[in-house]
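A.B. asks: Residue numbers (our numbering), protein chains in the order written: chain A, 1202 to 1708; chain B, 28 to 358.
Hints listed in this document are in silico derivations from the structure and should not be mistaken for laboratory results. Do not rely on the hints blindly, as some may be mistaken.
Have a look at the derived ranges for each label pair, beta carbon to beta carbon [claimed, not checked]:
#1 A:E1322 - B:L344: 36 to 46 Å
#2 A:T1226 - B:I333: 46 to 56 Å
#3 A:Q1374 - B:L344: 37 to 47 Å
#4 A:T1331 - B:K283: 46 to 56 Å
#5 B:K293 - A:E1496: 44 to 54 Å
#6 A:I1518 - B:K293: 47 to 57 Å
#7 B:T286 - A:G1268: 44 to 54 Å
#8 B:T286 - A:G1550: 48 to 58 Å
Cβ atoms here follow ideal geometry from the backbone N, Cα and C, with glycine treated the same way.
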Amino acid sequence: MAATFGIDFGTTNSLVTVISTDILTTKKRPYVLTHEGKPHPSVVWYGGTDPVVGKEAKDHLSQLGLGVFGNFVRSPKIFLGSPYSISVGGIKKEASDVVADLLGFLRKEATSSSFKGNSFESAVITIPVTMRGPARAELRFAAQKAGIRIHQFVHEPLAALYGYLRRGKNFGQTIADLERRLVLVFDWGGGTLDLTLCQVQNGLLMQIANLGDTEVGGDAFDLRLRNLIRRKHEENFPNSDWSLVQPNADARLLQACEDLKIGLSEHSKRSLFISDYLATPGPEKDIYAEISRAEFEELVSDLIIKGIENIRSLLEIAGINREAIEFCLATGGMVAMPAIQGSLREIFGMNRLKMPESAATLISEGAAWIAHDEARLQTAKAIEVLNAGNTFVEIIPSGVNLPLAEESIEKSVDMYCVDPTDGYAKFLFARPKWPGKEAQGDERIPYTLMSLNVDSQSKPFFERLHVKVRIDENLIAEIRALSLMRGEKREAKIHDLEFGLKLKGSD
Amino acid sequence: MEKVNKNAGKIAKTKKVKNVLLETDFNKAWVDFFQSKKIPAERFFKNIAAGTKKGLKDVPINVSFKEELVTVYFSRSNNIDRLLDLLQNVHSSGKQFRGFLTDLCESVLRGDTSVSFPSRMDLGTFQEFIFSWIGSLGKRKIKIADFKKLLLFLHFGSLKALIGHTTAREAINTALAKGKKQSGVSCEKRSELELLLQCPPQQELFSCLLAYSESLLLSEDKSSRIEKKNQKVSNVGKPKESNLNELIESLQRENKEKTEELSELKEACQFQLEELKGQIRGMMQDEITRWLSMAYAAANAEPPRINVVRERIEDTLKLIEKGKAWLQPLG
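Just chain B, same shape as in the assembly (with noise of 0.2 Å):
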């Protein structure tokens, strides 16, 4: 019984291993990659996944390794092309491996002494640095070892939401421009298509950019992301000022009303004012002087009109209270 309990643990043991990818043999996959099994990247995603199901997800990319990989890539030249292979299958691949491949990327461009990759790494310096980096290859057309070099900074670019789909087809066609005459189309409105047939006779450039364009067309989702962000990232940087600026004439344009607003009231106020200023004016000086100068002069008569003193005082009396009734609500 206590025989039959081992072997199992043994068994148990076994299953583990081969299920398990263990981290030796995942590093060393990556160097067989680059360095002589020349297997596709997709199913090197596909063999590499299948091990690491469980085991491998969250290993953190240990930083000598790093370095090792990135050795191992510069001791090949054609290694862009397997890096590339990589990057246009990294989506298909699920989000297990952009971490380490962003990383990777990052190191390798850095590594690269031919570009003055920016230490910063934000929208605008990126965008900048693939634009004047573009503009540092001269006016000729572009070379494919360059053109390579483009679609991995726009790989790049795109894992660490850098660059987003508008902006990538504007640098490639940029790039693909030099050495052409301005064909008057706006590069920002090309479609993938559009850059594709615009692409000059090399059937490898061809090929490169169909297969970038074949991975923006699956990274859409993130690139519109990345565009929002970008929109979201230039609002708040050059429109403050234009924001200001509306803010500035609303607010003027608030205080025109509200000071026209004003002398209207002022202008409405005055009116009743002088309207109720001309009324008790009107009322002293007509009905209240001419009753009680006849009153008065009819106390001083001989003899003396006392029904017409009474009459017109009850008149005057009756007057003021009708005044004092309507100046009540003013009160």
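Chain A extracted, bound-state conformation (with noise of 0.2 Å):
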């Protein structure tokens, strides 16, 4: 049987989706492929022979953070699109290998458990807005590895965007009340936060702006909460011996810290137990805190502070004001807690913060429907050059559709040297700041410049200049400039390229 699968390889969990056939209702929805219910952690532990991947590598594991921790590797997919290979307990490895077990394992996990006979082969999957284009190549070739070929890229925010108005009764006329305005995707998970600005044109969802914190994420809030404790117990017990720290007491600890910063969310106040942390027979070998949310809070309001000032910022950079938001989509479990939750409804007040239940499943569920529904990613913004005679010239215009798996696009400009002299030829490339708003007069926003040598002693309008634009399936624009006569060549890369989402149903 034919499948369509999203992939949410997420900084601290993964998720796969896959859109089905509900044999009761008859009707297609999303069913979530979960270990026990639970999302499958962004771990690989390489501690025997094969990797360990998932909540088994993550019971294992006792440090926070991202990143290599001796054989484990949390988040491996921070390390994609390095030109270094990373040592995992002092073996080389290549990142893109590490992914590959982590995508493997997802793969195996959703064929042999529940959907039997589905070949999982292809698959949308997001990624965060701030993945450049070598990283997206190298998760490409991880998931080739793992015999999954990645159909479209899709935006983390963008994917929970398209899921929480696929979960609406009607799709079509959502799309068509939401013309023209602006909606915010606030996602606030373990490892990063991400804002995506989006609006929707023509029945195209468009990212107007992107923005990514990876300081303030969940994880920074457990360990800031762990150190709390510890200092506590500390305090308790001046003299207590942390070098006698009992194997896996941490990843317990840890764990318990996380039940903890939930357990608030819903309590004034919560205690946390952990027995047998140090091996020495006094009282000091247990740990024992109570925390109060006012106390938690208090030790995490500048991460608060920060990731909410993100707002700020990102309309800063559109250039729009808070009250021109239709509402904000807030998503990722640092969401429930109640001091971010009062923050964003600061902002946007009751009625436009959206908070969805099931947000955990979102983005999975989002990519999912983007692969089923085959909406496609199109340029939100034409790629552009500046001329001579200061005007925009079109290379790439907006909304084309962007290339799949083993596609590619390409188009090219003529043009000629107006003045040679300095012996270069210089080009501003460029995008519109507002998509569809293209007109000679309106702001730009530049990509790169970039400048090719040219006969100086040439006439002006004589040297001819031949610009190339090339997207990739990486959705990496390589631009390339020839001058004729001289027969130089420079080429540069975009990465960053601004994609809009063509919703099913809007032609």
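Please dock the two separately framed chains into a single complex, following the hints provided.
C.D. replies: Below, the structure is given as structure tokens:
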């Protein structure tokens, strides 16, 4: 049976969702393929001959944060796109191999347990808005190693919004109602905080501006909490020997901190007890702490302020005020925290803040729906080059379907060097600040500057310049400029193209 | 006054005799038609119809008279022309004499010793008889006498609704094709005009065929009814088997679809069951075990951490309540 899969390749957790027919209702619905009702932790453990992935690996992890911890790799996707190998337990590994182990595990879990008979060969995979071209290329390579063909990339917040809209009863009508409205997706997860400002324009869900923050993820909150608890224990037992920490006790403490954090979202005060934390006979062997919500909020107030401040920064970048936002879709585990909810309500009010149930699965559901609906990514803004007349010449227009796997698009323009006297032809590649506002007088944001050697002795309008832009399956725009007389070449790459998602039924 | 009344009764009696053709007159008219008076069939029907407006409309054919008429018929060899003349005009005479003429025709055909006319009369048997009779004529060009006999069969078949136009045309075409090379054109597709055009250059045969074709046009409606009946009968017989095969195929198809549906349903139920079991397993292995272990350890600590025990038990109970609510619709 052919099926369409969506993968939320998250920083802390990963999930696979498949859209299939509910035989009882005969309607299509997303099936979230969890591990015992929970997402798979994005952790790979190289403890034995075979890598251990997911919850089993996480249960043995005693460190917080992202990266390599001994034989563990937490959130291997952060290493993608780096030219360097990573050292895991003293052994050098390519990031793509670690990611392939994680994706291979997700694929195996998805096909072996529940959806038997479904061939999991292709998927739409979500990526953070900050993931650059080389990282996308390496992710595609890693997926290939795991036997998954990445049909299309999609930014996490865009997938979350698509999943949210798809959950509604009348998808088409909702899209029509949202025409020209601005929506902010605020995804505060365990690893990162991602913000995307979107606008629906002619049935195209477009990203206006993106912002990512890797310093305020949920893990940072857990880390602060753990440090506070250890500090409190130290205060109670100043002579504690921290070198006597029992094996796996740190992992238990971390889990307890996460539970405590979640508990404080509902209760004003919670306590924690870890027995036999230290291998000593005295009372200091057990960790006991009582934390109030106020104390915790005070502890992480700077993180909350920093996270919320990102909204103001994003609105500033886009040049709009918060009243222009139709609604804010708040997802990710951290938005359950009362202090964060309070801040978001302060900005958007009760009615404009949408906090859907089962928000943890929204991104993977969105990815699966995108795969199922065959919603295509398109260029949200044109790629232009500035000419001597101070006007922008369009090379790749907006609304062009971006390449799928093993595809590419290519466009070129020919120009003449107006003033070769300094021996250079200079190019400014840019895009309009706002989608749909592409008139000459409208504001532009530059992509890159490029200069090309030309013959300084030649007459104006004599040296012919050829500019070619090619966008590949990894959504990297490669610019090549060539001076035909001198035969000089220059190349540049644009990794941060802005995408729009063509919505189903919007034609 | 009484005399007047008597005269009136006489007049009335005379009028009745004049207007109502007696059975004896009716019989005589038929015998005369075959024996002496060479009046055209069309006029014959008109004359006889005028006298039988009321009186003989429902007069049954007397068996002895029928036998007498058959004897009269066979007494002259060219009476087949007279009978064909009658048959070709019977459609224009209304329905009044069809029954009689059909009976007469059948008696004549059965009385013809050169033809083994079938005793049972149904569509299949009659049509089979026609074609086997044509086949028995050999490969040589058809004789005029045989052709007339064929037309007689066809008229009879048409009156008894045993043969339709298409089959009749096919029979004529087969008969006329004798002694010729195959044209390659399906006889079923030939119109009356085409049949006339392919008729051998014999004036008598041509006129016979022309007369027959004219009569066919008059009986067009009836023929279409026969065709339908024919179709219905053939559908009852031969296609029964194919209908049965189609039914079996359709049932097999349905069975396959239902099996697939059932398998999908099983798969979906299996998925939901696995999902449910997984969530319960996860809940028990993860949260409940962890919290109760912590509560147990806190209860055994020195001093016991009662608030930890209370909170974890509260958390566990809340989770169980949540699980129960979540399991409710399935119960």
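A.B. asks: Against each hint, give a clear statement of whether it holds in the structure.
C.D. replies: Taking the hints in turn, this is what the structure says about them:
Against the hinted window of 36 to 46 Å, the Cβ-Cβ separation of E1322 (chain A) and L344 (chain B) comes to about 45 Å, which satisfies the hint. Judged by the Cβ atoms, the range 46 to 56 Å given for T1226 (chain A) and I333 (chain B) holds: they are separated by roughly 49 Å. A hinted range of 37 to 47 Å holds for the C-beta pair Q1374 (chain A) and L344 (chain B), which are about 43 Å apart. The supplied range of 46 to 56 Å is met by T1331 (chain A) and K283 (chain B), whose beta-carbon atoms lie about 51 Å from each other.
About 53 Å separates the C-beta atoms of K293 (chain B) and E1496 (chain A), a value consistent with the hinted range of 44 to 54 Å. For the hinted restraint 47 to 57 Å between I1518 (chain A) and K293 (chain B), the CB-CB distance of approximately 53 Å keeps it satisfied. For T286 (chain B) paired with G1268 (chain A), a C-beta distance near 52 Å keeps the hint of 44 to 54 Å intact. Between T286 (chain B) and G1550 (chain A) the CB atoms are about 55 Å apart, so this pair conforms to the stated range of 48 to 58 Å.
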